[in-house]
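Chains C and L, in that order, give the protein sequences. The first sequence: position 187 = 187 (the numbering used here), numbered continuously. The second sequence: position 245 = 245 (the numbering used here), numbered continuously.
It is worth saying that the hints were derived from the structure and are not from the lab. Mixed in with the good hints there might be a few duds.
Any copy, or any two copies together, can satisfy a pair, since identical chains are not distinguished.
[To be verified] Below, computed lysine-lysine pairings styled on BS3-like, alpha-carbon distance capped at 25 Å:
(1) Lys196 - Lys20
(2) Lys196 - Lys186
(3) Lys408 - Lys82
(4) Lys408 - Lys176
(5) Lys20 - Lys363
(6) Lys176 - Lys196
(7) Lys157 - Lys269
(8) Lys408 - Lys186
(9) Lys363 - Lys269
(10) Lys363 - Lys157
(11) Lys186 - Lys269
(12) Lys186 - Lys176
(13) Lys320 - Lys408
Number of protein chains: 2
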Amino acid sequence: MLIQNTSNSLVDTLRQRRQKLASLIDFPVILWSGNDSPRNYPANVFPFRASSHFLYFAGLPLPNAVIRLEAGFLELFMDDPKPSSALWHGEMPRREEIAEKIGADVAKPMVELELSVEGAATIAVQDAGTWTQQSQLLDRLVLPQIQPAGIDLELAKAIVTVRLTHDEAALAELRKAAAVTVEAHKAGMAATTSAKIEAEVRAAMEAVIIAHNMTTSYNSIVTVHGEVLHNEQYHHSLQPGDLLLADVGAETEIGWAADVTRTWAISGKFSSTQRDIYDVVLAAHDACIAKIRAGVEYEDIHLLACTVIAEGLVDLGIFKGNAEELVEMDAHALFFPHGIGHLLGLDVHDMEDLGDLAGYEEKRERSDRFGLGYLRLNRPLRPGMLVTIEPGFYQVPAILNDANLRSKYHNLVNWERLSQFTDVRGIRIEDDVLVTTEGSEVLTAALPNQASAVEDLVGG
Amino acid sequence: MLIQNTSNSLVDTLRQRRQKLASLIDFPVILWSGNDSPRNYPANVFPFRASSHFLYFAGLPLPNAVIRLEAGFLELFMDDPKPSSALWHGEMPRREEIAEKIGADVAKPMVELELSVEGAATIAVQDAGTWTQQSQLLDRLVLPQIQPAGIDLELAKAIVTVRLTHDEAALAELRKAAAVTVEAHKAGMAATTSAKIEAEVRAAMEAVIIAHNMTTSYNSIVTVHGEVLHNEQYHHSLQPGDLLLADVGAETEIGWAADVTRTWAISGKFSSTQRDIYDVVLAAHDACIAKIRAGVEYEDIHLLACTVIAEGLVDLGIFKGNAEELVEMDAHALFFPHGIGHLLGLDVHDMEDLGDLAGYEEKRERSDRFGLGYLRLNRPLRPGMLVTIEPGFYQVPAILNDANLRSKYHNLVNWERLSQFTDVRGIRIEDDVLVTTEGSEVLTAALPNQASAVEDLVGG
Chain C
1 MLIQNTSNSL
11 VDTLRQRRQK
21 LASLIDFPVI
31 LWSGNDSPRN
41 YPANVFPFRA
51 SSHFLYFAGL
61 PLPNAVIRLE
71 AGFLELFMDD
81 PKPSSALWHG
91 EMPRREEIAE
101 KIGADVAKPM
111 VELELSVEGA
121 ATIAVQDAGT
131 WTQQSQLLDR
141 LVLPQIQPAG
151 IDLELAKAIV
161 TVRLTHDEAA
171 LAELRKAAAV
181 TVEAHKAGMA
191 ATTSAKIEAE
201 VRAAMEAVII
211 AHNMTTSYNS
221 IVTVHGEVLH
231 NEQYHHSLQP
241 GDLLLADVGA
251 ETEIGWAADV
261 TRTWAISGKF
271 SSTQRDIYDV
281 VLAAHDACIA
291 KIRAGVEYED
301 IHLLACTVIA
311 EGLVDLGIFK
321 GNAEELVEMD
331 AHALFFPHGI
341 GHLLGLDVHD
351 MEDLGDLAGY
361 EEKRERSDRF
371 GLGYLRLNRP
381 LRPGMLVTIE
391 PGFYQVPAIL
401 NDANLRSKYH
411 NLVNWERLSQ
421 FTDVRGIRIE
431 DDVLVTTEGS
441 EVLTAALPNQ
451 ASAVEDLVGG
Chain L
1 MLIQNTSNSL
11 VDTLRQRRQK
21 LASLIDFPVI
31 LWSGNDSPRN
41 YPANVFPFRA
51 SSHFLYFAGL
61 PLPNAVIRLE
71 AGFLELFMDD
81 PKPSSALWHG
91 EMPRREEIAE
101 KIGADVAKPM
111 VELELSVEGA
121 ATIAVQDAGT
131 WTQQSQLLDR
141 LVLPQIQPAG
151 IDLELAKAIV
161 TVRLTHDEAA
171 LAELRKAAAV
181 TVEAHKAGMA
191 ATTSAKIEAE
201 VRAAMEAVII
211 AHNMTTSYNS
221 IVTVHGEVLH
231 NEQYHHSLQP
241 GDLLLADVGA
251 ETEIGWAADV
261 TRTWAISGKF
271 SSTQRDIYDV
281 VLAAHDACIA
291 KIRAGVEYED
301 IHLLACTVIA
311 EGLVDLGIFK
321 GNAEELVEMD
331 AHALFFPHGI
341 GHLLGLDVHD
351 MEDLGDLAGY
361 EEKRERSDRF
371 GLGYLRLNRP
381 LRPGMLVTIE
391 PGFYQVPAIL
401 NDANLRSKYH
411 NLVNWERLSQ
421 FTDVRGIRIE
431 DDVLVTTEGS
441 EVLTAALPNQ
451 ASAVEDLVGG
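Let's have the full structure, built from the sequences with the hints guiding it.
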């Protein structure tokens with residue numbers, strides 16, 4: 001449990017957040033922090049991660065704690081550690097001490113929570129022990145798999161409104177996560193030419209994150225098979241002609257995330273075909289970031305990436321035809337089958353526990369178009385939103401060998417020309433971009449993404 | 001999912017294990033592998049860990065798979081990956097392919113499992129999604145928090161009998177885990193003098209484990225506050241006069257664990273008081289290992305450690321009186337309040353999901369003595385058992401400041417003499433020891449534990 005980095009400014013920030021929420025709803029709210037999830041037996045647990053909603057309003061990763069908010073009034077419910085726990089876990093801060101740190105008006109033992117649940121809304125946490133308790137106390141089914149309804153839905157929408165744009169305290173944490181992530185990627189690049197398998201590069205990257213007393217915000221992707229979008233294998237050997245795709249992000253001690261991808265050549269130097277495609281992806285990345293500013297629709301950023309990629313592939317002779325028309329036909333999704341990015345905050349896909357409530361503007365729904373269905377964010381951008389921009393190019397066998405897709409797009413692709421690019425299985429370039437009134441700020445800008453600059457960092 | 005490291009010898013090993021189990025029971029057995037546990041939202045999961053019982057008999061960490069065993073006949077139940085999953089997770093091995101690798105006689109889709117559940121025993125897995133499914137299909141409450149009963153209890157006892165001693169394939173994995181853990185500790189020692197906080201040493205250690213494509217078998221303890229037995233904080237700064245206690249172990253890709261502790265001086269060199277206590281703990285460690293052989297009671301090993309520690313503390317003038325009498329009065333537990341060790345295998349506390357069924361010989365129960373209650377293993381040792389030996393000395397404020405304990409033991413401790421040892425907050429030395437007919441083999445012997453050898457590894 002982290003309690004050392006607290007200050008009056010934390011209390012002020014938390015009060016402001018709770019006040020904002022109070023201005024949007026007129027019912028009490030109870031938020032659970034959650035508890036440990038067991039790994040292979042009950043006492044061997046995964047590292048504790050507090051619920052993001054709890055973290056947002058309570059600020060500290062307290063296990064098994066509850067806050068109740070009503071009209072700006074904050075009650076903290078948690079039990080003081082048992083005397084015997086001091087042997088195993090040391091002297092822990094007491095309830096009253098924590099209450100002061102987070103600006104709670106009252107601190108009570110957990111047993112009193114049941115007296116204060118009436119009419120309260122909540123959000124399901126992820127661990128079974130806690131959502132069972134939530135369901136019992138509130139006397140209705142509260143489950144992470146069930147979309148919230150009634151006042152829980154109203155609460156979810158209000159929380160989305162508050163969390164959608166970041167305050168200064170959040171940005172300070174997000175910048176810390178970004179800075180450590182930048183260092184992790186540099187370490188991964190520097191470790192590559194002497195590494196034999198993917199796992200060794202991953203180790204160099206995660207060591208930077210662990211050394212800063214942070215954790216990864218999601219399971220790292222460090223792979224020579226970038227065409228597998230969520231590849232979590234690390235045993236492949238590193239071959240000189242291959243690319244390495246690393247999607248690795250840090251999370252600060254109080255839960256704020258970064259999410260960065262770079263792709264580099266294992267030998268240090270891109271082949272000419274790799275460089276050609278890399279520059280297409282980078283052009284899409286740069287065009288998107290140049291277009292970001294408050295008021296712009298994120299879907300238009302996505303479509304811009306699609307168009308720039310299609311254009312680039314036309315120029316390389318891989319696509320035939322006109323970029324705009326290719327995108328209208330979703331042909332880009334043959335090679336860029338995911339969305340251009342997502343919200344980033346306490347969660348790497350921020351508030352994805354609420355389904356599309358955060359990602360999608362009210363009354364909008366996921367498209368069933370091949371080229372749009374995976375878009376996780378569809379809203380007009382607002383100052384203070386943090387989004388990822390992560391265009392890519394992949395040769396996914398499951399797509400390119402799909403008989404239906406292949407026949408549908410057969411005449412739009414120069415398959416023979418494409419066969420010259422077999423050493424490009426997957427490239428992605430991803431940065432974390434803060435929306436401002438005037439434009440944007442790339443929080444991860446300290447990590448180079450120009451092909452030659454990346455080559456310099458890898459060396460070899 | 002790992003499928004590359006399989007061979008005919010794996011199939012033979014798995015068949016032998018299943019045959020042993022079949023010889024002990026006369027009812028069918030269904031074992032679930034389990035599924036992912038969500039972290040902050042359903043799609044952001046903790047790294048998958050298959051149930052240890054499944055791993056023991058099926059050999060591969062397959063998510064969401066089930067095996068049914070009856071009289072040596074093995075059925076595998078799992079679904080082939082959906083076509084759409086190839087985009088995100090790549091081409092996965094198909095059911096039939098996996099069935100062959102693990103020596104299954106039949107492979108069926110999951111939907112057919114419900115036709116084969118009658119009269120079957122099981123063991124609860126840890127993730128809620130799976131134990132819900134177990135409970136539904138078997139039509140009884142199967143929960144990790146509930147001790148097994150009826151045929152489930154019979155199964156648990158049979159599994160304990162089979163898993164209590166390790167076969168050659170298991171030992172090969174356990175040796176791999178031990179070897180990587182040894183390297184991790186050496187890396188941690190080498191990183192200490194240039195590190196500023198605990199997290200940097202932890203990073204150096206875990207990087208070795210990650211680079212070998214392994215994971216930690218439990219949350220690492222790397223702390224200047226060794227007196228907190230399960231300390232999972234890593235933010236403290238490293239001060240030259242302090243000790244660093246590191247309890248870190250690797251787990252192989254198919255789940256076999258190591259568990260090693262070393263304590264070293266942050267400056268590289270122990271103070272004379274630190275060295276004095278270190279040598280007492282090491283004497284206990286060495287005496288225990290010298291005594292290990294088949295037939296010896298593990299409780300006697302524990303009591304030997306207590307006695308050697310008490311003797312050492314008498315010699316140092318900290319305890320007054322006679323070592324045997326001090327141990328009879330549990331005075332040793334003032335400074336050595338935990339057990340001498342535990343079983344080690346697929347779980348770092350092997351089979352602790354079954355409570356004390358594995359650790360305690362039938363008809364034995366935990367003692368309520370202050371000096372014995374935390375002993376996790378109480379059986380006569382048998383060839384092929386792997387145990388930890390981990391004596392320690394700690395100055396735990398919660399114990400030493402406890403008014404009852406302090407008055408009870410007041411005349412047995414020279415408190416003034418003790419006050420000269422304030423720079424020894426916690427020391428533990430832990431190795432993994434295989435019981436043989438003739439004696440024992442220390443799997444982690446490649447990691448020095450003599451004070452001067454540890455000083456050499458730290459340097460400085």
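Hints and how they fare:
1. Taking the shortest alpha-carbon separations for Lys196 and Lys20, neither the intra-copy value of 52 Å nor the inter-copy value of 40 Å comes in at or below 25 Å.
2. With identical chains, the CA atoms of Lys196 and Lys186 are at most 25 Å apart both within one copy (18 Å) and between copies (21 Å).
3. Taking CA atoms no more than 25 Å apart as the test, Lys408 paired with Lys82 passes between copies only; the shortest distance there is 22 Å, against 66 Å inside one copy.
4. Taking the shortest Cα distances, Lys408 and Lys176 never come within 25 Å of each other, neither inside one copy (46 Å) nor across copies (51 Å).
5. Only within a single protomer do Lys20 and Lys363 lie at most 25 Å apart by alpha-carbon distance; the minimum there is 23 Å, versus 60 Å between protomers.
6. With identical chains, the CA atoms of Lys176 and Lys196 are at most 25 Å apart between copies only, with a shortest distance of 18 Å across copies and 31 Å within one.
7. For the homomeric pair Lys157 and Lys269, neither the shortest alpha-carbon distance inside one copy (48 Å) nor that between copies (58 Å) is at most 25 Å.
8. Taking the closest pair of Cα atoms, Lys408 and Lys186 never come within 25 Å of each other, the shortest separation being 41 Å inside a single copy and 58 Å across copies.
9. Taking identical chains as interchangeable, the C-alpha atoms of Lys363 and Lys269 are never at most 25 Å apart, the minima being 47 Å within one chain and 67 Å between chains.
10. In the homo-oligomer, the alpha carbons of Lys363 and Lys157 lie at most 25 Å apart inside one protomer (13 Å), although the nearest pairing across protomers, at 57 Å, exceeds that limit.
11. Taking identical chains as interchangeable, the C-alpha atoms of Lys186 and Lys269 lie at most 25 Å apart only when both belong to the same chain, with a minimum of 16 Å there against 34 Å between chains.
12. Proximity of Lys186 and Lys176 under a CA criterion of 25 Å is satisfied intra-copy only: 16 Å inside one chain copy versus 30 Å between copies.
13. In this homomeric assembly, Lys320 and Lys408 come within 25 Å of each other (Cα to Cα) only inside a single copy, at 14 Å, whereas the closest approach across copies is 88 Å.
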